[in-house]
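Engineer: These protein sequences, in sequence, are chains A and B. According to this note's numbering, the first sequence is numbered sequentially starting from 1184. According to this note's numbering, the second sequence is numbered sequentially starting from 308.
Incorrect hints may have been included.
[Stated by the list, open to error] If you want a taste of the chain A side facing chain B, the calculated C-beta under 10 angstroms gives, among others: (1) Gln1192; (2) Tyr1197; (3) Ser1198; (4) Glu1200; (5) Gln1201; (6) Glu1202; (7) Phe1203; (8) Lys1208; (9) Val1244; (10) Gly1248; (11) Arg1331; (12) Gly1332; (13) Glu1333; (14) Tyr1356; (15) Ala1391.
[To be verified] Here chain A is said to cover these stretches of chain B; the calculated rule only asks that three of the stretch's residues, wherever they fall, bring their Cβ under 8 angstroms from a Cβ of chain A: (16) 396-409; (17) 485-494; (18) 568-578; (19) 646-659.
[Stated by the list, open to error] Among the chain B residues that face chain A by a calculated CB cut under 10 angstroms, a handful are: (20) Glu353; (21) Arg354; (22) Leu357; (23) Tyr358; (24) Pro360; (25) Ser362; (26) Ser377; (27) Pro380; (28) Ala381; (29) Ser384; (30) Pro392; (31) Asn393; (32) Glu497; (33) Gly515; (34) Ser543.
Keep in mind that the hints were calculated from the coordinates and are not lab data. Glycine is no exception: its CB is placed at the ideal position from the N, C-alpha and C atoms.
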Amino acid sequence: MPFGNTHNQLKMNYSAEQEFPDLSKHNNHMAKVLTPDMYAGLRDKQTPSGFTLDDVIQTGVDNPGHPFIMTVGCVAGDEETYDVFKDLLDPVIEDRHGGYKPTDKHKTDLNSDNLQGGDDLDPNYVLSSRVRTGRSIRGFCLPPHCSRGERRGIENLSIEALSSLDGDLKGKYYALRNMTDEEQQQLIDDHFLFDKPVSPLLLASGMARDWPDARGIWHNDNKTFLVWVNEEDHLRVISMQKGGNMREVFTRFCEGLTKIEGLFKEKGHEFMWNEHLGYVLTCPSNLGTGLRAGVHVKLPNLSKHESFGEVLKRLRLQKRGTGGVDTAAVGGVFDISNADRLGFSEVELVQMVVDGVQLLVDMEKRLEGGQSISDLMPEQK
Amino acid sequence: LLKNFETSFTKMLTGRNTAVLLASLGVGGAATSYLMSDSSTLSAEERRKLYPPSSDFPDLRKHNNCMASSLTPAIYSKLRDKLTPNNWSLDQCIQTGVDNPGHPFIKTVGMVAGDEETYEVFSEIFNPVIKDRHNGYDPCTMKHPTDLDASKITSGMFDENYVLSSRVRTGRSIRGLSLPPACSRAERREVERVVVQALSGLTGDLSGRYYSLGEMTEKEQQRLIDDHFLFDKPVSPLLTCAGMARDWPDARGIWHNNEKTFLIWINEEDHTRVISMEKGGNMKRVFERFCRGLKQVEHLIQERGWEFMWNERLGYILTCPSNLGTGLRAGVHVRLPKLSKDPRFSKILENLRLQKRGTGGVDTAAVGDTFDISNNDRLGKSEVELVQLLIDGVNHLIDCEKRLEKGQDIKVPSPVAQFKK
Chain A
1184 MPFGNTHNQL KMNYSAEQEF PDLSKHNNHM AKVLTPDMYA GLRDKQTPSG FTLDDVIQTG
1244 VDNPGHPFIM TVGCVAGDEE TYDVFKDLLD PVIEDRHGGY KPTDKHKTDL NSDNLQGGDD
1304 LDPNYVLSSR VRTGRSIRGF CLPPHCSRGE RRGIENLSIE ALSSLDGDLK GKYYALRNMT
1364 DEEQQQLIDD HFLFDKPVSP LLLASGMARD WPDARGIWHN DNKTFLVWVN EEDHLRVISM
1424 QKGGNMREVF TRFCEGLTKI EGLFKEKGHE FMWNEHLGYV LTCPSNLGTG LRAGVHVKLP
1484 NLSKHESFGE VLKRLRLQKR GTGGVDTAAV GGVFDISNAD RLGFSEVELV QMVVDGVQLL
1544 VDMEKRLEGG QSISDLMPEQ K
Chain B
308 LLKNFETSFT KMLTGRNTAV LLASLGVGGA ATSYLMSDSS TLSAEERRKL YPPSSDFPDL
368 RKHNNCMASS LTPAIYSKLR DKLTPNNWSL DQCIQTGVDN PGHPFIKTVG MVAGDEETYE
428 VFSEIFNPVI KDRHNGYDPC TMKHPTDLDA SKITSGMFDE NYVLSSRVRT GRSIRGLSLP
488 PACSRAERRE VERVVVQALS GLTGDLSGRY YSLGEMTEKE QQRLIDDHFL FDKPVSPLLT
548 CAGMARDWPD ARGIWHNNEK TFLIWINEED HTRVISMEKG GNMKRVFERF CRGLKQVEHL
608 IQERGWEFMW NERLGYILTC PSNLGTGLRA GVHVRLPKLS KDPRFSKILE NLRLQKRGTG
668 GVDTAAVGDT FDISNNDRLG KSEVELVQLL IDGVNHLIDC EKRLEKGQDI KVPSPVAQFK
728 K
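Throw the hints in and build the complete structure from the sequences for me.
Structural biologist: Set out below in structure tokens:
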């Protein structure tokens, strides 16, 4: 909750031991890292805007996790969270992002010219291509903590910036609370509309407060560039199109982001970024690039092959169903995307997806023809 | 009016850079340069200045709950920056009502208390909401009567051809500890400790056992489910948006006596929910046990220096304003096959100040011809009065049912007098 150190002082009347959460049944990154000593050392701290340790970890306490999937279990309420609570978040980040150290530097590269190839993934297999990331506006609290006034401020700034986009990027904003039934149906049919979060991971962190106030969707007339305002992050930026031309998708992505950043700067605002964590977002899992580049690709044969999992692992890719995270694949069509977010640049991650998917399609074709794929097995990236 | 406030404020925010904005708010040069040196670190105090209450006022245009009916920008402006001694704020009180616009036909309350002081510090919004919800009860001018003397009850034995079970429930809060929306883990554990310790002092027909939600065995859990005693993690967004489900199932549990007629829920929607029940129609005995049990528990916590939250304006203090006063719901499961089909049924209930629910509890539909019939009111009438109202009302309903069985006609009774008359 904003503006207060809501009963942080009151908790000091009880010992750290009395307040320490019961994490005995938990399996998330926060629970693995948080010790009673760490809790004792951090619990009387708060960020300048009043975000406390208990605010950071509430979602992880409320959601013990899944025996097979490791969730993060903590969120940031503002940019300073990652500094004030670094004793907790640094090890969480290290664990989640493949050993990323507190002293490591993250490279940002949004120059799509540096991408090689990527314009000719076989559209008989690659049905669609998409790149998404998030951006936070410096000086504002993040979705778990922002007040209604701040959230509205973010919305208004975003609308102003986006309304200045032109050419291929020219578009329109649809506020969630004002949209007509027709607009809503169109956005659903286009698969653009986001709904009020139902996942307890998000609800427990306070991100769904005041729904649908100051939430909305902007997209360009061509329906290839889309921005979500005030969902899980201040902004989620998505570039997408049918077919396998990931290069074009990424080029538009970089151009759009760069333009938007410029428009915000004209108004005296910048994105949250630093050279250690890259772009700062609500969930530690999205730090760095916050980038997920993916395709919907037909792999009916390869997906049944015993080496499928191993191949993906070596290519640093992950699979999901086409409904997004937590869904299963339908009809042999998978959502394949980069597994990493931090420690690699945007160009590097998209390159991994482009090269990796190319290989997966080659393997699929081999298996279609009844041939072996063992000579195509990649090295661990 | 709201749109004008918003537009002029946000013009300020988007049209200028932060330095000019801060200057316009009267922040001095040195302070401005300090703030601008790291443009992200606005403190909570500075943030408060940057965002006037008008920028934070919730959009309640699609809302239909008691909070939305009473909250004006003026009240919000006055109360937004206030805190109770436990640092509970207005925004936290109303969050559940902002997040849950309500239903066109059912009017929810839309706000909760975080501690006892909430009802005082934010009385400007709570008083009109209480008045709205409790038939005009005015906390500024009226006193709430508390009466737990079960010997005053008459005709408390129902015809068991019709009444299948009888039940009385209420809640109690432990003074000095924050309520479920606000409490820290340590406070919640303290509630559990205090209450469980007191309950272990009960003897005779009230002697029983505690089952902690986090530690019960699978067998215990199944048995409690079969007995219809087990409560589950709240799923209703009305409750989860108020923060009551945090840290589940830590410090939550169920206590019941060996005879399974006296049951206490700990740290669910309130510190404690106290339930007396049995099969059949002996409501007098159910209420007698209810009063005796409550008094003994109160005595046991007082021995250790604790007491229940209570005052003479609002009676027993609970999390939801709808449960103030007695917090009491006395009810029966009763078969009314003919009466329930009579078009006058609803009016009869209304005049008797009774409500019907399905036998699965609030929000369920009736199965067959068996209804859960209970008192509507909570505040402004004592426990004895409300239970007597329920008894008289149910006896009247059974009387109507018997008349209809014999083919005789029934009359709609005149409305029961309200306290304000």
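Engineer: Decide, hint by hint, whether the structure agrees.
Structural biologist: Hint-by-hint comparison with the structure:
Checking glutamine 1192 of chain A against chain B by beta carbon gives a least distance of about 7 angstroms; that is within 10 angstroms, so the hint holds. Because the beta carbon of tyrosine 1197 of chain A sits about 4 angstroms from the nearest beta carbon in chain B, less than 10 angstroms, this interface hint is met. Given the 10 angstroms rule on beta carbons, the hint for serine 1198 of chain A holds: about 8 angstroms separates it from the nearest Cβ of chain B. The interface hint given for glutamate 1200 of chain A is met, as the beta carbon of that residue sits about 9 angstroms from the closest beta carbon of chain B, less than 10 angstroms.
Annotation: glutamine 1201 of chain A was flagged as interfacial toward chain B, and the flag holds, the nearest CB pair being 4 angstroms apart, inside 10 angstroms. Taking 10 angstroms as the C-beta contact cut-off toward chain B, the hint placing glutamate 1202 of chain A at the interface holds, the least distance being around 5 angstroms. Interface hint status for phenylalanine 1203 of chain A: upheld, as the beta-carbon distance to the closest one in chain B is roughly 8 angstroms, under 10 angstroms. The criterion of a C-beta within 10 angstroms of any C-beta in chain B is met by lysine 1208 of chain A, whose closest approach is roughly 8 angstroms, and the hint holds.
Here the hint on valine 1244 of chain A is kept, as its CB sits about 5 angstroms from the closest CB of chain B, short of 10 angstroms. Restraint check, glycine 1248 of chain A versus chain B: the minimum CB separation of about 14 angstroms is more than 10 angstroms; hint violated. Because the smallest distance between the Cβ of arginine 1331 of chain A and any Cβ of chain B comes to about 5 angstroms, under 10 angstroms, the interface hint for this residue holds. Interface restraint check for glycine 1332 of chain A: the shortest CB-CB distance to chain B comes to about 3 angstroms, inside 10 angstroms, so the restraint holds.
The closest approach between the C-beta of glutamate 1333 of chain A and any C-beta of chain B is roughly 7 angstroms, which is under the 10 angstroms cut-off, so the hint is satisfied. Using the Cβ-Cβ criterion of 10 angstroms, the hint placing tyrosine 1356 of chain A at the interface with chain B is not satisfied: the shortest such distance is roughly 14 angstroms. With a least beta-carbon distance of about 7 angstroms to chain B, the hint placing alanine 1391 of chain A at the interface is held under the 10 angstroms criterion. With 6 residues having a Cβ less than 8 angstroms from any Cβ of chain A, the region 396-409 of chain B passes the three-residue criterion, so the hint holds.
Chain A is given as covering the region 485-494 of chain B, and this holds because 6 residues of the stretch bring a CB closer than 8 angstroms to a CB of that chain, at least three being needed. Closer than 8 angstroms: that is the beta-carbon criterion, and the region 568-578 of chain B has 0 residues meeting it against chain A, so the requirement of 3 is violated. Remark: the region 646-659 of chain B is not confirmed as covered by chain A, as 0 of its residues place a Cβ nearer than 8 angstroms to a Cβ of that chain, below the required three. Because the smallest distance between the Cβ of glutamate 353 of chain B and any Cβ of chain A comes to about 8 angstroms, under 10 angstroms, the interface hint for this residue holds.
A least Cβ separation of about 6 angstroms between arginine 354 of chain B and chain A falls short of the 10 angstroms threshold, and the interface hint therefore holds. Given hint, leucine 357 of chain B at the interface with chain A, holds; its Cβ is 8 angstroms from that chain's nearest Cβ, closer than 10 angstroms. Below 10 angstroms, beta-carbon pairs count as interface contacts, and tyrosine 358 of chain B has one with chain A at about 4 angstroms; its hint therefore holds. For the restraint placing proline 360 of chain B at the interface with chain A, the shortest Cβ-Cβ distance is roughly 9 angstroms, inside the 10 angstroms limit, so the hint holds.
Hint on serine 362 of chain B holds. Least Cβ distance to chain A is approximately 3 angstroms, under the 10 angstroms limit. A cut of 10 angstroms between beta carbons decides the hint on serine 377 of chain B: the least distance to chain A is about 18 angstroms, and the hint is violated. Annotation: proline 380 of chain B was flagged as interfacial toward chain A, and the flag is violated, the nearest CB pair being 13 angstroms apart, outside 10 angstroms. Evaluation of the alanine 381 of chain B hint against chain A yields a violated restraint, the C-beta minimum of about 17 angstroms exceeding 10 angstroms.
Below 10 angstroms, beta-carbon pairs count as interface contacts, and serine 384 of chain B has none with chain A, the closest being about 12 angstroms; its hint is therefore violated. Because the smallest distance between the Cβ of proline 392 of chain B and any Cβ of chain A comes to about 9 angstroms, under 10 angstroms, the interface hint for this residue holds. Checking asparagine 393 of chain B against chain A by beta carbon gives a least distance of about 5 angstroms; that is within 10 angstroms, so the hint holds. With a cut of 10 angstroms, the hint placing glutamate 497 of chain B at the interface with chain A holds, because the nearest CB-to-CB distance is about 8 angstroms.
Restraint check, glycine 515 of chain B versus chain A: the minimum CB separation of about 25 angstroms is more than 10 angstroms; hint violated. Hint on serine 543 of chain B is violated. Least Cβ distance to chain A is approximately 13 angstroms, over the 10 angstroms limit.
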